[in-house]
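> Sequence:
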Amino acid sequence: MVSTLPSTNQIANSSLRYLETEGSASPNQRLLPLSARVNQHDHLDVGGCDVLDLLHEFGSPLYILDEMTLRAACQQYRQAFAQYYPGDTLVMYASKAWNCLAVCAISTQEGLAIDVVSGGELLTALKAGASPNNIYFHGNNKSYRELHQGVEAGCRIVVDNWHELKTLTTLTSSETPATILLRLTPGIECHTHEYIKTGHIDSKFGFDPDQLEAVFAYVAQQPSLNCIGLHAHIGSQIFELQPHRDLSGVLVQWMETAKRYGLPISELDVGGGLGIRYTETDDPPSITDWAQVVCEHMVTACQAANVPLPRLICEPGRSLIGTACVTAYTVGGQKTVPGIRAYAAVDGGMSDNPRPITYQSVYRVLAANKMSAPLSETVTLAGKHCESGDVIIHDAQLPILSSGDILVIPATGAYNYSMASNYNRVPRPAAVLVQNGQASLILQRETEADLMRYDRLPSYLAG
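Numbering-wise (the working numbering), the sequence shown opens with residue 53 and increments by one.
Keep in mind that a hint or two might mislead.
Here are the simulated distance ranges between beta carbons [as the list claims (entries may be wrong)]: (1) GLU498 x SER454: 25 to 31 angstroms; (2) HIS215 x SER511: 35 to 41 angstroms; (3) GLN92 x GLN161: 31 to 37 angstroms; (4) PRO261 x LEU513: 21 to 27 angstroms.
Calculated directly from the structure, the hints in this document are not laboratory data. Predicted model, so just to flag it, every value in this text is computed and none were measured. For each residue, glycine too, the CB sits at the ideal point set by N, CA and C.
Build out the structure end to end from the sequences listed, making use of the hints.
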């Protein structure tokens with residue numbers, strides 16, 4: 053911690069303010085990881101590691117993942133579902149948020165199942181130690197090869213459409229059956245970005261409600277398809293609770309319809325979607341509050357329909373991993389357009405965080421090497437890519453910056469590395485896992501040689 057107690061004004065007008073407001077909030081309600089501190093050098097620490105030391109050892113930019121925060125979020129989900137739901141529950145990590153061996157392994161150790169959406173994510177989950185029975189294979193256009201991988205591995209397959217359903221009937225038999233869930237579109241709207249609304253009727257995901265009876269009738273005639281559950285998902289980065297209340301009633305109604313066709317539905321998957329705090333004005337429900345609403349309304353819906361409680365499944369992604377990670381950059385050049393704007397460029401950008409240019413996402417920034425310095429400048433934080441839209445943050449409040457300063461963007465665990473690219477032939481950054489003052493490399497930094505690895509030059513073009 054800082055060696056002397058800073059004044060109230062110093063806290064309010066420095067990067068310290070982002071630590072001061074954290075308190076004991078749920079991991080998804082924090083801007084910074086649970087372990088974030090300021091050390092005696094006025095530097096930001098995460099997981100007991102000085103961010104500047106991490107960049108010196110592992111290079112810049114750098115993803116820094118706090119193991120304590122990730123494990124705490126996993127535990128809160130499991131404990132809340134066990135507390136508020138009297139039946140069987142399963143919490144699943146939606147690994148598309150950040151699928152890598154270390155994250156899948158930690159989630160598995162914490163008793164979570166893994167949600168995958170591709171053959172690559174499936175392979176990673178298996179290699180990280182996840183049991184096939186605890187892997188659910190999602191996705192709206194799984195290939196023949198991917199469906200075969202899923203059947204061969206013995207994982208649960210969440211069937212999204214008629215094409216997948218009919219492909220599975222050609223892949224399975226009485227000797228090699230498939231255990232499936234059906235993804236249905238619930239027709240529930242919520243306030244989120246248009247690109248991440250997945251529950252309304254006009255969506256690429258899931259069977260439409262008017263297809264349900266035909267789907268149930270078809271599945272009931274396929275002895276090699278063991279349909280055990282129904283799945284629905286209403287979107288992502290959601291702060292509202294009412295849509296989740298509504299979803300329980302819809303799923304229970306569908307479960308009753310499916311059972312009329314003889315389908316042994318025993319699992320209802322409500323998806324995920326709980327939002328996180330990207331800025332101090334964001335106010336998502338806590339993990340516990342979200343779980344309580346989901347559980348209690350599922351119980352109410354089942355009691356109203358006079359049906360036994362199914363196994364209740366949820367699949368959070370962003371709210372597990374998002375605030376567990378920060379990304380550290382090094383400041384390079386600066387530019388001032390008189391009377392208009394001041395720019396500071398960093399050594400990363402849209403290749404390691406495509407969310408601002410893709411979703412117009414808003415972030416905050418901290419000066420990791422001068423945490424108590426006054427925020428005296430308004431600066432637009434620009435990435436290094438040859439793209440005018442490569443701006444990480446517009447009009448950020450920062451101290452006077454110099455080349456070599458270290459800036460940290462909080463809440464970059466979800467969809468940052470997962471959606472990272474090699475735009476402009478920039479290698480992707482490394483990622484480290486930090487805990488109790490120890491840092492472990494979990495994703496190696498790419499090199500220029502890696503970029504050339506799959507390039508092929510036809511012989512007639514070679515000099």
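> Confirm or reject each hint.
Okay, the hints, checked on the actual structure:
1. Here the CB-CB span from GLU498 to SER454 is close to 28 angstroms, well matched to the stated 25 to 31 angstroms.
2. Between HIS215 and SER511 the CB atoms are about 40 angstroms apart, so this pair conforms to the stated range of 35 to 41 angstroms.
3. Between GLN92 and GLN161 the beta carbons are some 33 angstroms apart, a value that agrees with the proposed interval 31 to 37 angstroms.
4. In this structure, PRO261 and LEU513 break the distance hint of 21 to 27 angstroms, their C-beta atoms being roughly 54 angstroms apart.
Hint compliance for this structure: hint 4 is the single one not met.
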